[in-house]
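Top to bottom, those sequences are chains E and G. Its first residue numbered 1, the first sequence is counted upward by one per residue in the numbering used here. Its first residue numbered 1, the second sequence is counted upward by one per residue in the numbering used here.
One or more hints might be untrue.
[Unchecked claim] Incomplete in silico selection of chain E near chain G, CB under 7 Å: (1) Ala11; (2) Arg14; (3) Ala344; (4) Arg869; (5) Ser873.
[Stated by the list, open to error] Pair by pair, the computed Cβ-Cβ distance ranges are: (6) Ser790/E x Ser249/G: 33 to 41 Å; (7) Ala791/E x Ser290/G: 33 to 41 Å; (8) Glu774/E x Glu176/G: 43 to 51 Å; (9) Glu774/E x Asn113/G: 32 to 40 Å; (10) Ser290/G x Ala770/E: 54 to 62 Å; (11) Arg425/G x Glu774/E: 29 to 37 Å; (12) Asn113/G x Ala791/E: 51 to 59 Å.
Calculated from the structure, these hints are not laboratory results. Ideal Cβ positions, reconstructed from N, Cα and C, are used throughout, including at glycine.
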Amino acid sequence: MRALWLAAPLALTRYAGVLAAVVVAAALAAGAAASSPFVRAGVESSSLRGEVSAMSKYAAGLSIVSKQNPLAGDTARRAAALRFGRRLAFAGRPVLTTRFPAQVAGADGNALTVIVMARTGAIAHVKPLSGSGTGAWVSRAAAQTASLRPGTTLHLTEFVTSDEKAPLATVHIGHIYESLETNLEDPYWANLVQDIRPPTLDSSAPPSYLFVSEQTLLRLARILKPDKVDNMFEFPVAASKLRYVAAQKLRQQYTRLGNELRQAGSRTSAPLGCGRVLYDSKPSCEVSSSLEAALLIASNDVSALSSTIWLLSGCALGIALLVAAAVGVFLVRRRRDEAELLFARGERSVTFAVRIALECLVPVVVGGAAGFGIALLALRVAAPAGTLDSGTEWSGVRYAVVACAVAIFLVALTAGAAFPRRSDAQHPLLRRLRRVPWEILPLAGTGIVLGLLLTGGGLVHDASGDVHPSLYVFLLPVLAAAGLGGVAARAFRSGTRRTPPSAPLPLFFSARRIAAARGLVIAVVVAAATSLAVFAYATTLSSTVSRAIAEKAYVSNGSDVQGVVDPSEQIYNHFPFPAAIVEIDTTNAFISDGHSVDIVAGDPTQLVDVIRWGPWSDDPRPLIPRLDQSAPRGVLTAIASPDMPDVGAITDQGVTVPIHIAARAPFPGMSGGRPALLVSRSTLRQVAAAHHFSDPGFGAGGVIWARGDPRQIEGALLASNIRPAFLTTYAHIRGDPSVRAGKRSYGYLRTIGGAAVLLALVALLLYLQARQREQIIAGALLRRMGRRVSADAATVALETAALVLVAFIVGLVVAVSAARLVARHVDPLPQYAPGAALVAPWTTLLVVGLGAAVVAGLLAAGLVVRASRTDASEALRVA
Amino acid sequence: MLEPTMIECRDVRKTYASSAGGVEALHAVNATFLAGKLSALVGPSGCGKSTLLRLLAALDGPDSGAICARDTDVAALSPGALRAYRRDVVTYVAQRAVANLVPHLRLRDHFENRADLQLLEPLGLSSHARSRPDQLSGGEQARAALAVAVARRTPVMLLDEPTAELDRATARHVVEELAAAAARGVTVIVATHDPDVVEQADVVVDMTDPQPVTDHVAPSSPGARVGKPLVVRSVTKRYGETHAVENVSFELPAGEIGVLLGRSGSGKSTLLMILGGWLPADSGDTGVGSTSWAEVGYLPQRFGLLPELSVAENVGLPMRIAGDVDDERVQALLDALGLAHLATRLPAETSIGQQQRVALARALVQRPALLLADEPTSHQDRRSADRVWAAIAAAREDGTACLVATHDGAAAAHADRVWEIADGRLASGVG
């Protein structure tokens, strides 16, 4: 019929429900598809900003170190540097430094070198200890060595001299500041870290800085006549305005300017003292920036997040396309008479589908534009300013157009599939296949995915070496819940069919309705079960990972701060925090089967005070006093790690040592996959003496565990006599990129699951609303029979809540079972002990599940009440 | 001269699946439809008339047997040939008139050839050419569907109950058109229970099951009640300028059957809805107090059966809600209305005529003081219609005042009182 084709572009305006569904599906599809490049761009920019912030704007900016410059041109070079900075994009306030080394005269016979430094804003970035007014700023170390106090005078001489008549310069000491080594977290010092910190643990401390004004520096230099002075010009990047695309351009500018600065005699290089070659053939200028590294890390971050972004947008796109597919079926159901008529007139299903595609064209364009606009707007609001460039926008447009085209295709495809056909038109094989329960497919998929997970497919490594949950981790609950949801729905319907007619009316009606439920309700229940399973699964895994990481952090870190020390060290002075030095021997002890066992030895009294533990049942602290229990001489009393075999002796340094396992528990100092014993250090010493082996054994290490505010402890430890190396805190483990990636993935998954739960509930309510509209006459007649609206509402509420509860129970069982199976296989830090154990947040899950059932029931009851207010006479009237 | 055979059915069988197992809709049907003749398919509702029509239209295939159109076995055709058959050979007109029109097209858009618009004129639809289907009344939709079907000019037309919801005058127009089409050489096959159609038919194919049926068993009446007379005084209802019901007054004593006779749009359904309390009257007194189901049993044209309950559960529902279950009463009504064998089926697994009888049984199950029945036989064959009237008569014996609105003049034979209604006014009354 030609008129059908002519009317097609605007035909859907006559079917408001279908029109709305098509527009929404297109909007979802376009928004989800466009969000992939948009989110990627947003992550790139936010990651870049995070990295720039972490490495400091000074390190990420351009840094020029101009060496061995004549003193005379210093003021001009500083002025030139300021002019140079104005050429740079995204540049903050430049920091200009001039420095030269000098020697402190008369420092009790000890040669003490200081770096005389004039640096923009330096005084604002040190920790003052004493002093006031004007004068130079000297470090605490230098002040102690040279016996300086505020108000005294410092005598300086040439850096390297043996001439007793060398000129002396004096400078008034105004302030003493804390050593910069304790202040390295201040990003201002990022480019000088290598000059502030000793290069190795055994190295002596580098010379400290004597901060003076530029005028004072020039005065001192004129007296001391250093051969040359060094300049350092830092141009920090304005991180708050930076975005990824602009940063890439900025990096190119840095590269170009760096090349110019290396050219001899250029207009750029000469004023800054660059472009020369020094006596050792090295260039006079070093130009550096960590911006490239920040860009690389940001890019790696995006790579690390790619699977999550893919999952997020993929899931959303999948939902959108499923909606589009459902719309095709809905469209035909809504226009069943028309489809039957056209079928009776000999129309092909393909022809019908093509016309449906034409009908959907305008609504899809409108919906797609809206979805794309929303995605764009969301990114503009949520992401850093300037995140999007035209390339990203066009990429989003392309994705959205393709998604919309696929959505139209799916609507048409499913509409064509739902087009009426003769019952004998289907191929006999297909007819037979239709009798096979569909649940077999997802259940088979569940088995395959589970097999892959249990054989090591739970984690994937990205280019940077970090691990992330694999796609199988996310697929498992979806497939399992879909399959089991279908089985449960069948069983539930079968059960409700047996409800006797004598049952109470609400139960009778609810049971009959559920028993008569067809495909659409089953689909909604399965979707709700799957959504709830995904939510519960992600929540459970997230809780499991959080608990495991917290436990690992405490176990591996011992307490709030851990540092590496010599096990024979002792803290001499009063240390203001609870601390314990623990000996860890990972090389000398074995059990009878040849496996090594780690010995962790400490003072039990100190350990009880120092060890940190969360609110978990396997707290080792109450067990530690057992280490002091008397045991036969030569027997080592120990607390064994959970994976320690039940043995009566170990071999330490070739000597068999009987042990008494007083308790089993995880404890700090354990390593992943290795049995360990926690013992009293004094007992170990006695046993070693009794069995004639040395303590500490060769190769044994030591750590100090300290409890309290990590920042203060770090300062105190650095100021103590033991000066531990490699300080780590609880936050270091929790901040591990693999942990963050895992938690982020589960967070996204939980969000998707939660959103899907909402969508499923909305679908269920829409179905109920449609049913109520179809049954207006039946409802009105029921009122006449004496059935009250409230009773009807209670019935529908009971029915709805029962459906949601079935979905919830299936989802919960699937989620917790699946999480129990995979928990150990998705441990983001398997190298740390203890292994991940399932933690199901029952309260949260029950509140969500029962809450969803109650809310759905109440809303369904509301729909009944609303429908009861419809004028039944209109429905009863036959035109 | 012997007329050529257009379509022949040989041992055609068709079974549908239902919640209660397979339902055999057609059992070894043999029939011959002659070219250029008006054939009437008759038989009780549920006997398979509609199913056979769908098979003839190639909308579905038989489980076994052959349907030959001009010596070609339709069931053996390829999918493409089947489509060509549906497109070029047959025109199927579904029972619901509105289902034969595309909702978003105007009436004139349904005609490929503008010249065919003249077909609307004899059917009184010329002024509606620009209307959409939902802007037409039920009768107009039925006539429009017929005009569109005729315009397709296929050699075979298959129509399912084309006059079921039409008043007598409109139905007469439709029948005349069908006869005219047959006279032009079109093979017209009509599934119907309308005696006028049967009278006009050249060939009648009776699909009545030859199995003996226990007939016209009236419901037992151990719980007969003292009925109340229905006294209606000066009831008026207007929609804007339209007088739907105008100053209607009548009395119907308890234990009597009153029939309101009128064409579609005459106001009879509106009057029934006012009496049933579904619509408020602008003025006048209906004399109906409580409209509870136990007092006023109501059979609407759209039946409002609960799809999730079985036939028996639907019938017994009013008693179940009232907490006074009487399975014997339900069973008696099912027996009387020929529904006993359908007791466990869901409504969707029964024919429209059967659903209508289920709704009547539900209206009568509590022995109401007043029964309001809107076109209770519109989907019934003669035999089933007799069952319906018998059930209503039994209710009369129980003391129920039964008011029936219908366009079927034959209803008068069952009535104690008859009123004709036109343009919302009672034209005459027969005491």
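So, going through the hints one by one against the coordinates:
1. Ala11: 5 Å, holds
2. Arg14: Check passed: Cβ of Arg14/E comes within 4 Å of chain G, closer than 7 Å.
3. Ala344: Since the shortest Cβ distance to chain G is 4 Å, the answer is holds.
4. Arg869: Hint violated; Arg869/E Cβ to chain G Cβ min 15 Å, cut 7 Å.
5. Ser873: Hint holds; Ser873/E Cβ to chain G Cβ min 5 Å, cut 7 Å.
6. Ser790/E x Ser249/G: 33 to 41 Å: 39 Å, holds
7. Ala791/E x Ser290/G: 33 to 41 Å: Given about 19 Å between the Cβ atoms, the range is violated.
8. Glu774/E x Glu176/G: 43 to 51 Å: Cβ of Glu774/E to Cβ of Glu176/G: about 37 Å, so the range 43 to 51 Å is violated.
9. Glu774/E x Asn113/G: 32 to 40 Å: Since Glu774/E and Asn113/G have Cβ atoms about 38 Å apart, the given range 32 to 40 Å holds.
10. Ser290/G x Ala770/E: 54 to 62 Å: Hint violated: Cβ distance 33 Å, outside 54 to 62 Å.
11. Arg425/G x Glu774/E: 29 to 37 Å: 35 Å, holds
12. Asn113/G x Ala791/E: 51 to 59 Å: Because 57 Å falls inside the window, the suggested range holds.
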